[in-house]
Structure formats: C-alpha cells, structure tokens
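Trainee: These are the residues of each chain, in order.
2 protein chains.
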Amino acid sequence: MTQGLTYRRDPGGSLLLTDLYQLSMMQAYLEDGMTEIAVFEFFVRKLPKTRGFLLCAGLGQAVDFLESARFAPDELEWLQAQGSFSQSFLDYLEQFQFAGDVHALPEGTIFFPDEPILRVTAPLPVAQMVESRLINIMQFQTLIASKAARMVLAAPGKTLIDFGLRRAHGAEAGLLAARAAYLAGFDATATVLAGQLFGIPTSGTMAHSFVQAHVSEEAAFESFARSRPDNAVLLIDTYDTEAAAHKVVALAPGLAQDGITLRGVRLDSGDMAELARRVRVILDRGGLEAVKIFASGGIDEAALQGYQRSGAPIDGFGVGTSLTTSHDAPAFDCAYKMQEYAGLARRKRSEGKATWPGRKQVLRFYDDSGCIEHDILTLEDETTATDGLIKPAMVAGKRLSDLPSLEAARTRARQELARLPEPLRSLKPDAGYPVEIARSVRDLADEVDRRTSSISN
Amino acid sequence: MTQGLTYRRDPGGSLLLTDLYQLSMMQAYLEDGMTEIAVFEFFVRKLPKTRGFLLCAGLGQAVDFLESARFAPDELEWLQAQGSFSQSFLDYLEQFQFAGDVHALPEGTIFFPDEPILRVTAPLPVAQMVESRLINIMQFQTLIASKAARMVLAAPGKTLIDFGLRRAHGAEAGLLAARAAYLAGFDATATVLAGQLFGIPTSGTMAHSFVQAHVSEEAAFESFARSRPDNAVLLIDTYDTEAAAHKVVALAPGLAQDGITLRGVRLDSGDMAELARRVRVILDRGGLEAVKIFASGGIDEAALQGYQRSGAPIDGFGVGTSLTTSHDAPAFDCAYKMQEYAGLARRKRSEGKATWPGRKQVLRFYDDSGCIEHDILTLEDETTATDGLIKPAMVAGKRLSDLPSLEAARTRARQELARLPEPLRSLKPDAGYPVEIARSVRDLADEVDRRTSSISN
Chain A
4 MTQGLTYRRD PGGSLLLTDL YQLSMMQAYL EDGMTEIAVF EFFVRKLPKT RGFLLCAGLG
64 QAVDFLESAR FAPDELEWLQ AQGSFSQSFL DYLEQFQFAG DVHALPEGTI FFPDEPILRV
124 TAPLPVAQMV ESRLINIMQF QTLIASKAAR MVLAAPGKTL IDFGLRRAHG AEAGLLAARA
184 AYLAGFDATA TVLAGQLFGI PTSGTMAHSF VQAHVSEEAA FESFARSRPD NAVLLIDTYD
244 TEAAAHKVVA LAPGLAQDGI TLRGVRLDSG DMAELARRVR VILDRGGLEA VKIFASGGID
304 EAALQGYQRS GAPIDGFGVG TSLTTSHDAP AFDCAYKMQE YAGLARRKRS EGKATWPGRK
364 QVLRFYDDSG CIEHDILTLE DETTATDGLI KPAMVAGKRL SDLPSLEAAR TRARQELARL
424 PEPLRSLKPD AGYPVEIARS VRDLADEVDR RTSSISN
Chain B
4 MTQGLTYRRD PGGSLLLTDL YQLSMMQAYL EDGMTEIAVF EFFVRKLPKT RGFLLCAGLG
64 QAVDFLESAR FAPDELEWLQ AQGSFSQSFL DYLEQFQFAG DVHALPEGTI FFPDEPILRV
124 TAPLPVAQMV ESRLINIMQF QTLIASKAAR MVLAAPGKTL IDFGLRRAHG AEAGLLAARA
184 AYLAGFDATA TVLAGQLFGI PTSGTMAHSF VQAHVSEEAA FESFARSRPD NAVLLIDTYD
244 TEAAAHKVVA LAPGLAQDGI TLRGVRLDSG DMAELARRVR VILDRGGLEA VKIFASGGID
304 EAALQGYQRS GAPIDGFGVG TSLTTSHDAP AFDCAYKMQE YAGLARRKRS EGKATWPGRK
364 QVLRFYDDSG CIEHDILTLE DETTATDGLI KPAMVAGKRL SDLPSLEAAR TRARQELARL
424 PEPLRSLKPD AGYPVEIARS VRDLADEVDR RTSSISN
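Chains as they are written, first to last, in this note's numbering: chain A, 4 to 460; chain B, 4 to 460.
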C-alpha cells in the first residue's frame with residue numbers, strides 16, 4: 004500500500020472491493036448463460052432497539068461507484084494469477100461496466116424496515132457483482148445519517164459539529180460520516196477533506212497540546228487568537244476551566260484594540276453543564292456576552308437532550324465517537340436481495356430472514372397536521388410514477404441529471420424531520436410506525452412459494 | 004467524487020483528511036516560531052468493559068501514511084481559497100513531509116491501558132499535523148484485531164473467515180478489518196482486494212440469490228460445483244436445510260464421476276448447532292464425511308464459544324458484522340497526547356483525562372509458565388534499548404528495513420495469545436492486568452504539575 008506523491012488509488016473505487024463469492028457466482032452465471040435481467044433491492048430488515056425511524060443517505064456515492072466501476076489491468080492480472088477464473092470470464096470482467104437502472108429513495112428521506120431504499124435492475128452477473136460495495140456504501144451513510152438525526156432532534160437550535168474523524172473506522176468512514184451528518188442537519192465538520200470534496204462548512208477550535216506547548220495558557224490563547232483574528236475558539240479546560248475563563252476575560256480588551264474578536268470557548272471535560280453556567284457568568288461579567296460556549300467530549304444524543312433540558316448555556320457541540328461509529332448501534336440488519344429474475348418474482352424463505360418478492364414501491368400517508376401517519380409497501384406496477392417515494396436515479400448506467408445535490412438532500416431531511424410525529428421523535432421509541440404490506444405483495448409471495456415448493460422439493 | 008477509469012485518489016492518503024484545528028494550530032505554531040521537537044504518544048485510556056486485553060495493529064498503514072503524506076496541488080489551491088491561511092503557511096504545506104521518528108509496539112503485541120503503542124518525535128507542527136489520521140488508522144485496526152483475538156480464543160481449531168465487508172464502515176474499514184482479523188489469527192477473508200493488496204488468503208461460498216435465480220436448488224448446486232470443481236461450498240438454507248443436504252448427497256456421485264469434489268456446505272439461519280448435527284448425519288450417511296460444514300449469520304465470540312461448548316459439528320465460521328464493526332465496543336477511549344516539547348515533559352491535567360508525561364517504555368514480566376504477569380510503564384531513558392516492548396519503526400521519516408511483515412505480525416499475535424493467563428482469556432474478564440506506573444513517571448508528573456501550576460495560575 005505504498006503511496007506516491009499523487010497518492011494511490013481509492014480502494015472504494017476498486018471492483019475487487021467485493022466478496023469472493025460474487026466473482027465465483029458471476030463465473031457460474033456466465034457459464035450457464037444466466038444473464039437475464041435481475042432485480043435486487045436493498046432494505047433494512049428491522050430497526051435497532053434505539054431507533055424509531057431511519058434516514059437514508061449514500062445514494063450519491065452509490066451512483067459514483069456504479070458509473071465509474073471498472074477493473075484495472077493489475078487487478079485482472081492478479082485475478083488471473085489466482086487460477087480460479089477462466090479466460091473468458093476475465094475477458095468479460097475487462098469489459099465490465101454497470102449499464103443497469105437504479106431506483107432509490109432520495110437521500111434525506113425517512114424510511115422504515117422492509118422498505119427498499121435502493122433497487123438495481125441489471126443483467127444478473129452485473130447486479131450480483133456490485134452487491135458488496137453497494138451495501139457497504141448505503142448502510143454506512145444511512146447508519147450515520149440516522150444517528151445524526153437523533154442528535155439534531157435532541158438539540159434544537161444548537162450548533163452541531165462533527166468531530167469524529169479520529170475514531171471513525173478508517174478514512175472513508177471519517178469522510179462519509181461528515182457527509183451523512185451534514186445531510187441529517189449537522190452544521191459543520193472538523194474534517195477538512197469533507198470541506199474540499201463535498202463543500203461542507205468546516206469548523207475547528209484548538210487542542211490541549213497547543214496549550215501545553217506554550218509557556219502559559221495566556222500565551223497560547225493570545226497566539227491562537229492573533230492567528231485566527233475573527234474565528235478563534237479557545238479550549239479552556241487544560242488546567243482549570245474557571246481560571247482559564249478569567250484569563251480569556253483579561254485578554255479580550257487587548258485583543259479588541261487590535262481588532263481581534265473571540266468567537267468562543269470550548270469545554271471538553273468535567274461537569275460541563277455546571278462549568279458552562281459558571282463560565283457564562285465569568286464571560287458576561289467581563290463584557291464577553293457575544294463569546295459562545297462550545298462543549299465536546301463524550302457527547303451523544305442523550306447528553307444533548309440532558310443539556311437541553313437543564314438549560315445549560317452551551318451554544319454548540321462537537322460530537323465525535325458516538326456519531327461516527329453510531330456507537331449504540333454500529334450496524335443495521337440489512338440486505339440486498341434478489342426480488343425478480345428473468346421476469347419471475349423471487350424470494351428467500353430462510354428462517355427469520357424471509358423477504359417480500361417483486362419490484363416494490365412505498366406509498367406514504369400523512370395526518371391532518373402534516374405528520375407522517377402510515378406507509379404501504381406495494382408493488383411498483385400498482386402505482387403511478389409520481390405516487391411512490393422510490394424514484395429513478397440511474398438509467399442504463401447513467402445518473403439522472405436532476406439527482407438531488409447534498410444541499411437538496413439536507414433540505415429534504417429537515418422537512419422530513421419536521422413531519423415526524425411525537426412518538427417517533429423520542430430517543431427511546433416505544434411505538435412502531437405502521438408499514439402495511441399490500442395484499443398484492445402478500446399474494447405474490449404466496450405465488451413464489453408455490454412455485455419454488457414445486458421445484459425445490 | 005467522480006471517478007475515472009483509473010479510479011480516483013485514496014482519501015486515506017490525503018493530508019486534508021485531518022481536523023481543521025490541526026491546520027489552525029500549525030499556522031499559529033509557525034507564526035510563533037514554535038518548531039522545536041515534540042513527542043506525542045498514542046495510547047488507550049481504558050478498556051471497554053468486555054475487553055481484558057488489546058492487540059495492537061495498524062503500524063503498517065501508519066508508516067505508509069507518514070512516508071508518503073504530501074499535499075496535492077489542488078488541495079493547496081482549495082486551502083488558499085478558504086482565506087484563513089497565510090501564503091507563508093501554504094508555502095510551508097507545499098514542502099510538507101514527515102521526517103520525524105516513530106517508535107511503536109510491533110504489530111501483534113498485546114497491550115493494556117496507559118501503555119503507548121505509537122510515539123511520534125518530530126517538529127511540533129509536523130507531529131501535530133499527522134494526529135487525526137494516525138489515530139484514525141491505529142485505533143481502528145487495533146479495535147478489530149482485539150475483537151478478532153477474542154474470536155480466535157473462543158474457537159480453537161476452527162476455521163475463521165472474515166465476511167464483514169458489507170457492513171464495515173466504508174471501503175477502508177472493510178479492507179483493513181480483513182488485515183487486522185488475519186493478523187489476529189483469522190484464516191482468510193472474503194474481501195478480494197485484501198487478497199490482492201495484503202496477500203491474505205481469500206475464501207467464499209455462494210449466496211441465496213444464486214439458488215433463487217436457478218430453476219431449482221439442485222440446478223444451482225450442480226452449476227456452482229462444476230464452476231469451482233475443487234472448492235465449492237454450497238449454501239443449503241435457502242428453502243429447507245435438511246432437504247438441501249439430501250440433495251447434496253444425491254448430487255455428489257455424479258460430480259465425483261467428473262472428478263469434482265465438494266468442499267463443504269454452509270448454514271446461514273435457524274438453530275445452526277442442531278442443524279449442523281442433522282446435516283452431519285445426512286452427509287456422513289451419504290459417504291460425504293470429507294465435506295465440511297460452515298456456518299455464518301450473526302456469529303460473534305459468544306456464539307463461537309457456545310458452538311464450541313456444545314460440540315456442534317461445525318468446521319468453520321464466516322464472521323461478519325460483529326467482527327468488522329467491533330459491535331459491542333465500536334471505539335476505544337484513546338488519545339494521541341503531547342508528552343514532551345522543546346526538551347520539557349508535558350501533561351494534560353483535565354478532569355478524568357490526565358496523562359503520564361515523558362517518553363515512555365513498557366517492560367513486561369512473565370511467570371514460570373511463560374504467561375504474562377505484569378507490566379511496568381517507565382521512562383525510556385531508564386531502560387536499555389533491548390529491554391522494552393516499544394521499538395523504533397521510522398527514523399528521520401524512513402521506515403526501518405526490518406519492520407515486521409503482516410505474516411510476522413500474525414506469528415507474533417499467535418505467540419502472544421498463547422502467553423495470556425487464564426483470567427485474561429475469558430470473554431467476560433473480571434480481573435484487570437497489573438500495569439505498574441514506575442516511580443520515575445510519577446515523579447515526572449509531579450514535576451510537570453509544579454512547573455505548569457507556577458506558570459498557569
């Protein structure tokens with residue numbers, strides 16, 4: 004994995020970032036001439052205990068991946084050297100590109116178990132090939148957007164900033180967590196590359212090491228403020244938080260004479276609600292009513308709700324580990340399953356993992372106040388094009404030109420969260436949201452079962 | 004994030020994959036001429052409740068990153084356009100490269116809280132710049148290696164295969180989880196790219212969709228076996244597991260006539276211990292004693308221990324989500340902290356987050372049976388070069404030529420796990436491992452506190 008000056012390729016763009024069985028199955032499909040159109044849908048089987056709803060995200064990267072996925076020459080050479088693959092299969096891979104259709108819930112849409120959030124329609128070997136990476140992309144961003152949405156709901160009016168890169172699971176996790184959190188309503192990220200690649204506002208303060216490296220806390224504060232004259236947030240808990248707040252008050256007039264305004268202070272340890280109250284008093288008495296108080300360190304949605312309820316004078320939060328690892332629920336029970344092949348609906352009947360067959364669509368109904376009330380999972384051919392939540396995203400391997408931007412997805416998420424009824428807004432949801440399985444879907448499942456029983460026994 | 008035919012750059016190689024405050028602090032350091040040597044150490048503050056020990060991993064990628072980290076021209080242009088950075092700072096970044104020293108625990112070494120697993124010695128702005136990505140690399144692989152080690156201990160003699168790409172947190176997480184699991188003793192991974200990049204054995208079976216796409220289960224089994232004549236593992240739970248096992252028995256003689264030997268069958272749902280017993284009987288009565296039984300689906304270390312204790316005739320396991328997300332503990336409380344600057348030891352005193360100052364070394368002591376007994380955390384200058392566990396890894400920005408390979412790290416991990424005393428091998432550890440803080444470290448902490456009290460109050 005040695006990198007050059009222009010650093011090496013993104014592993015996320017490699018078609019070898021897949022499970023070996025995808026390649027094994029593809030070869031067998033091709034040998035048997037099984038290249039008719041298959042339909043796969045990606046969905047969540049059931050909610051984690053602490054989730055009342057999910058917020059979908061990741062379609063942008065899924066489309067990027069599908070549009071550009073190709074095998075590189077060194078990858079094909081490596082596959083050939085493994086000895087398990089035929090030359091005709093390797094020739095097929097050399098030409099591989101995704102030319103199928105994709106339908107999906109627009110990013111930022113709320114959804115529930117059993118509702119497909121992405122559908123791939125493509126020749127069987129192609130739809131199979133892209134499974135592992137599609138799940139890898141879609142489940143992670145949806146996981147983080149769904150977690151972030153809980154935080155957004157728990158801290159109305161507060162500034163929320165993603166601080167989670169360091170404890171995210173690798174490079175892409177840090178980067179895409181920033182995107183998913185912003186989509187769900189976070190205000191900014193500390194991750195600079197997310198600023199460059201996605202246009203997300205970046206935000207940051209200073210670290211304890213900066214204070215420790217200086218001869219005194221005052222020297223550190225002054226140096227930092229002069230280096231960032233209109234945007235400095237000073238970290239005040241390295242030694243003694245209240246003493247540091249007094250130092251900030253003492254420094255401010257001299258800085259103001261040079262036109263330097265402090266933006267805020269940050270707390271990162273101790274009883275932060277109580278410290279925030281004391282620091283607020285110190286700052287206000289020192290004439291620094293405009294200086295904001297930020298808090299970080301072990302923040303999750305329960306902590307946010309606690310600060311909110313206690314009325315702690317904290318203006319914004321840096322949220323790290325709990326956000327970017329979705330700490331209480333770091334994975335969804337989700338699947339990408341074949342629903343149709345060669346014009347016939349299919350389903351899996353395995354114990355506890357049975358799926359609903361066919362190309363499905365989601366219809367959503369609202370109550371008089373505009374809140375979402377119930378959904379119906381139905382078959383696509385029973386709905387009109389404008390009825391359902393699932394929309395075309397790619398046609399014949401090309402993305403639709405009007406695919407919503409990240410900003411549009413963020414706007415949608417805000418609108419969707421506003422339409423959540425009270426029980427679903429709770430951090431400890433106890434009532435489920437009704438998703439009705441349409442008669443047509445149940446009938447199709449019975450039909451598939453009769454057909455597969457007759458052939459598989 | 005549009006990708007070309009030779010796909011786009013790895014975000015993990017970008018120096019913009021950092022927290023904004025690193026850049027802000029660097030600029031301030033440079034403006035103040037604070038470029039003397041700093042020493043930072045990365046360590047875990049405390050163990051998750053369900054971990055008795057940790058297994059370090061990630062140094063290979065950390066060294067790759069440090070050796071090759073440069074700013075790309077488009078990244079510098081973007082930073083310039085943000086307007087927060089001076090031209091002289093941008094010029095500095097253009098020349099940026101890591102020319103510092105790194106000391107570390109060799110990959111595959113067992114360690115405990117407070118013990119540094121990586122130390123960076125470099126000019127302050129350089130050591131600061133690399134913080135976010137170093138933590139991002141080191142904590143994730145160590146997280147997964149530590150989780151995988153529990154599984155390896157819970158299933159002695161069983162084949163363990165990483166199936167976790169799809170639910171890993173993005174591309175790099177899937178790839179590096181495969182590496183960390185292999186390092187900890189897993190036998191193989193399903194992730195093909197991990198085979199190409201790291202030389203890890205790859206392994207895979209077939210999916211439910213393969214069965215569903217065929218006109219019958221028999222047709223699917225035969226097609227797959229003929230396509231992989233010496234290595235087919237057939238998935239037998241799509242419809243009825245025992246019925247499928249009988250089909251395997253019925254197919255085997257015809258395949259054998261064509262020189263095709265089945266390697267195994269896979270269970271993925273239901274009561275797998277009981278199903279494995281029934282399937283074993285069916286296979287054995289059918290003369291397929293050599294056909295192995297694999298299981299997958301919701302496997303974690305507790306499940307592995309349960310199967311082991313019940314004597315279920317399962318030969319190997321595919322382990323996914325619980326492994327690659329470290330599901331019960333998806334992050335460590337860990338930090339990269341300044342321990343020395345400009346020749347003076349430093350420490351952070353924040354409530355509940357105080358650190359031990361100075362360049363430290365770990366001494367390990369063993370009992371008569373060869374098991375590890377206790378460690379001493381001491382100062383490096385009190386030890387001889389060969390005494391301590393922490394070894395040089397990079398000198399002046401170049402990796403040492405004898406840095407252990409992944410295979411060597413895997414061997415080390417096996418030896419280390421063999422030296423774990425019984426209480427630490429438990430999946431529910433109740434006794435901690437003694438790590439003594441040497442008198443010299445405590446004295447240095449007192450000295451630092453006296454110095455910083457006198458200057459910061």
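You may find that some hints are simply not true.
No distinction is drawn between identical chains; accordingly, a pair holds when it is met within one copy or between any pair of copies.
To be verified - Here are the computed lysine-lysine pairs in the BS3-like style, where the Cα-Cα straight-line distance is at most 25 Å:
(1) Lys295 - Lys356
(2) Lys52 - Lys431
(3) Lys49 - Lys401
(4) Lys161 - Lys394
(5) Lys52 - Lys295
No wet-lab data here; the hints were simulated from the structure.
Trainee: Could you work out which earlier hints the structure fails to respect and list their numbers in ascending sequence?
Mentor: The structure breaks hints 3, 4 and 5; every other hint is satisfied.
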